[in-house]
Amino acid sequence: MSTVSVQEINGEKQKVLSEKFLVYLVGGLIGIFLIIFMLLPVGNILRLSVTEYSSEAHDFIGGFTFKNFINYFSKPVMIQSLYHSLWIAVWSTIFTTILAFMFAYGLTRTTIRWKKTLYYVAMVPLVAPSLLQAMALISLFGSNGLLTQLFHLNWNIYGANGIIISEVLYSFPHAMVILYTTLSAVDSRLDEAAASLGAPGITTFFKITLPTTKYGIFSAAALVFNLAITDFGNPIIIGRGYHVLSTEIYLQVIGMQRFDLGTTIAVILLVPSLIAFMLNYYFTKKSNAMISSLAKPEIPPTRPLKKAAFTIFSWTIAFILVSVLGVIVVKSFFKVWMYNWSFTTSHYHFKIPGGTGVLWTSFWISAIVAIVGSLLTMLNGYIIEKKKPFFAQPLYLLSVVPAAIPGLVMGLGYILIFNTRFLNLDNIFYGKASIVIVNVIVANFTLGTLSSISNMKNIDNSMEEAATSLGADTVRSFVRVIFPLNRVSFMSNVIYYFMRSMVTISAVIFLVSPDVHLAAIAVINLEKDGLEGPSSAMATLIVVVVFITIGLLALFTRQKKVSKVVDIED
Amino acid sequence: MADNLVLEGVSKKFGKSYAVRNINLEIRDGEFLTLLGPSGCGKTTTLRMIAGFETITEGTITYKGKVLNNLTPQQRKFGIVFQSYALFPHMRVDENIAFGLKMQKYPKDKIDSRIDELLGIVGLENAKKKYPAELSGGMQQRVALARALAPHPDVILLDEPLSALDAKIRVKLRAEIKQLQVKLGVTMIYVTHDQEEALSISDRVVVMNQGVIEQVDVPVQIYKNPKSEYVADFVGSNNFCEGKLENGRLRIDGKPYKFKLDYDPSLELKPVTAAIRPERIEVVNGVDTSKMDPGNILHGELLVYTFLGLIVRMIVDIGDKKINVDVLEKNFSKKNISNGDKVDLYLPPEGFITFSKE
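These protein sequence lines map, in sequence, to chains A and B. Mapped onto this note's numbering, the consecutive letters of the first sequence carry residue numbers 1 to 570. Mapped onto this note's numbering, the consecutive letters of the second sequence carry residue numbers 1001 to 1358.
Be aware that a few hints might be false.
Coverage of chain B stretches by chain A, computed from C-beta distances (three or more under 8 Å per stretch; other residues unrestricted) [what the hints assert, rightly or not]: (1) 1023–1035; (2) 1344–1354.
Only pairs whose alpha carbons sit at most 30 Å apart, straight line, appear in this in silico BS3-like list of lysine-lysine [claimed, not checked]: (3) K20(A) / K1066(B); (4) K387(A) / K1102(B); (5) K1013(B) / K457(A); (6) K1335(B) / K1260(B); (7) K1129(B) / K457(A); (8) K1270(B) / K20(A); (9) K457(A) / K1130(B); (10) K1105(B) / K1128(B); (11) K1178(B) / K1129(B); (12) K1130(B) / K386(A); (13) K1016(B) / K457(A); (14) K386(A) / K1102(B); (15) K387(A) / K1105(B); (16) K1013(B) / K20(A); (17) K1322(B) / K1342(B); (18) K1260(B) / K457(A); (19) K1105(B) / K1224(B); (20) K1016(B) / K388(A); (21) K386(A) / K1013(B); (22) K386(A) / K1105(B); (23) K20(A) / K1105(B); (24) K1260(B) / K20(A); (25) K1013(B) / K387(A); (26) K388(A) / K1102(B); (27) K386(A) / K1016(B); (28) K1224(B) / K1270(B); (29) K20(A) / K1064(B); (30) K387(A) / K1016(B); (31) K1183(B) / K1128(B); (32) K1066(B) / K387(A); (33) K388(A) / K1013(B); (34) K1258(B) / K1227(B); (35) K285(A) / K1322(B).
Just so you know, these hints were derived from the structure itself, not from any lab. C-beta: ideal position from N, C-alpha, C; glycine also.
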């Protein structure tokens, strides 16, 4: 081996420094990005909520005051929205958690058939905006609903009950995924051990199954609570006079230009949503700690009666979830639902600003969101988990907070800060597609980063050390080793971001402008205008676009099948 | 400089506690050196400091006179074989081997010929286009070895490379690694917690305990002349007893034993721990013991015996203590003893090793 010259060593040293610099630079930029587009807009809302407002000038006139909060809490009509929100959130949480648990239990602990199909059917609500449930319920059970008329039902779907049912249907997959993971990860041999010690099935369930999965259950419940209390689409459609916090924010801001009340209610909504998020986070950690990595034993055949019960239950749920979607699709092809049952495609000729183009706008915005969001969150996960710079902890914190902030609050934060001369960003953001893109990326930053981190954790450190010892620098080991190993999780992040971006309402409802029309917002506007045919048509198109895109991406990502060879060597 | 790699006063601190403390070691060119010790003894940390994955808190590591402390792993250009293999799962075997060559910008034709050469060396010509997941653990570890060898490193660092494999493959592969090392003349630093593995393949063994070196020596000396009670206990098995040396004998407080044994005269009247290996103890049932020192003969009862193949391990109860005795299986059969039988043991004076308690 030749001796290395001093110059060479200096050169190498600089390379090391520049590699460290690169990590700091990228991590720092992501941090600054989150500060500008998450912390500051939300902080600004907190500030404005305690700022004096002039309802004549429709503007904040400075001066610290608690008047806005006093105003809110002194008006019984206002305070009602808080009660309403808590009421629907609590009941949605209870129903969803129980139903999702039973569904997940059937999929993981019984021998019912068609499990994969059932699992995917349970995911269906994810591909539609969260107002589809309300639309479907009204079409079936509204005063002029199909089933109401058919069976001469005499009930009222509008208001709290309608919202609760909608939220259950909407949040079902979110809870189901968590419970499915928990139930399949907690060692089911514990149940077998209890059974072998003579415990009857019911005892085993209450003494073993429930306690071992309780953190997963709590974490699912907290998530549902968060989803239900922050949802905007369903309550605005089916609530009628029943106002919740999110709809109240919207009505105050858009309807009455009362930014003071808007920001105040936003802060009030932020509190339960933050608490629910923190609980969810805490219980998820606890739940993960109980996960056993042992190989799963075969599930013994379920008793016929139990099997039949779970089969009927699962397919009933699946049927309902598909029906919600199906009703809207079918509805979009009838001239006038309940009155004129002739087939038509006329609802697909949209007479709205932007026309069918809104779908295209949503698509390309979502495509950008998907690619940029997935790349950013992957880099973020890599830096936090593998590179661990000194600011890894604060960066992690900044990255997980977005999930705690209701979309509506974030959206309100954006318009309130980017309609000012703040950092001169108004030129490129105000009323532009860019503000929507950034907003959706930030709003969904948490899940992207967390999934990236957990994926990075699964990549053995020695993998990168091997690359390093063979002479690869940070950039090359990232491009040639880390990125390829993350391909699958990267693609699932792309799908997630795309889906969220296509269907989100609450995050962007304040951000659409005469120049930027989005499909999901078009659905809500059409529906509010009573144009139920076109709104169903637009919702159908969103679902179709999401399905096709996911299908194509999934085809792309398909893993190469690796055959295990019989080993003759050893 | 004859010494390939020199560690001088090397320490590693994690927080306030030392993981490795004041390591001084010279590794010779072409040597097979093993770091041996239980988990947490600092052997892997030491290896990782040599590799460049851990910073060095104190001391220096030099390679051919050049200080390595501030060089990155890339700059040190050592080959590393990981316990988990760390093969890139998305690359074929040939691509894995080529990785280091590409990073060092070898020309294409040289890369191709080097891949074939290495596959020949590790005997995996047929696996060239396979993915790691298609190979058995043993084959994967050979690929990892080939990948580490590819860019012609002078030193190969191996971190428990065989511990994830089945016992049989482990023995086979360790012999192969040794042969390869001799053939290529490459320096290997090998980390293991398996003392049998360490003794069987190393030129020298470094026994580590709680971050410090207990002994550095050739395998046979490590086994025969352990320098500390710790080494005597960790390498092979031993029977221990504590007592005081007096007039050529070991006396144990409150016990009737007066073992005659050989010891360093400077230990006279000092408290010591004496050790004797199970295979040094003889079973003397029905043997003429007149020439043996009666103080070194013990009478006991066979509690249980275990068949270990070539030898039989007997556990003999001598009243207040249980003693391990290893005898050749054929001798054991001849004696015709069974569990519960009376056994007479002879502990030859030269079989004892003593360690000062001070």
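Each hint tested on the structure:
no. : hint                : in the structure
1   : 1023–1035           : violated (count 0)
2   : 1344–1354           : violated (count 0)
3   : K20(A) / K1066(B)   : 24 Å, holds
4   : K387(A) / K1102(B)  : 24 Å, holds
5   : K1013(B) / K457(A)  : 25 Å, holds
6   : K1335(B) / K1260(B) : 26 Å, holds
7   : K1129(B) / K457(A)  : 28 Å, holds
8   : K1270(B) / K20(A)   : 58 Å, violated
9   : K457(A) / K1130(B)  : 26 Å, holds
10  : K1105(B) / K1128(B) : 21 Å, holds
11  : K1178(B) / K1129(B) : 27 Å, holds
12  : K1130(B) / K386(A)  : 29 Å, holds
13  : K1016(B) / K457(A)  : 27 Å, holds
14  : K386(A) / K1102(B)  : 24 Å, holds
15  : K387(A) / K1105(B)  : 26 Å, holds
16  : K1013(B) / K20(A)   : 22 Å, holds
17  : K1322(B) / K1342(B) : 14 Å, holds
18  : K1260(B) / K457(A)  : 60 Å, violated
19  : K1105(B) / K1224(B) : 49 Å, violated
20  : K1016(B) / K388(A)  : 20 Å, holds
21  : K386(A) / K1013(B)  : 21 Å, holds
22  : K386(A) / K1105(B)  : 26 Å, holds
23  : K20(A) / K1105(B)   : 23 Å, holds
24  : K1260(B) / K20(A)   : 65 Å, violated
25  : K1013(B) / K387(A)  : 20 Å, holds
26  : K388(A) / K1102(B)  : 28 Å, holds
27  : K386(A) / K1016(B)  : 24 Å, holds
28  : K1224(B) / K1270(B) : 23 Å, holds
29  : K20(A) / K1064(B)   : 28 Å, holds
30  : K387(A) / K1016(B)  : 23 Å, holds
31  : K1183(B) / K1128(B) : 23 Å, holds
32  : K1066(B) / K387(A)  : 28 Å, holds
33  : K388(A) / K1013(B)  : 19 Å, holds
34  : K1258(B) / K1227(B) : 24 Å, holds
35  : K285(A) / K1322(B)  : 49 Å, violated
This entry does not satisfy hints 1, 2, 8, 18, 19, 24 and 35, going by the numbered hints stated previously.
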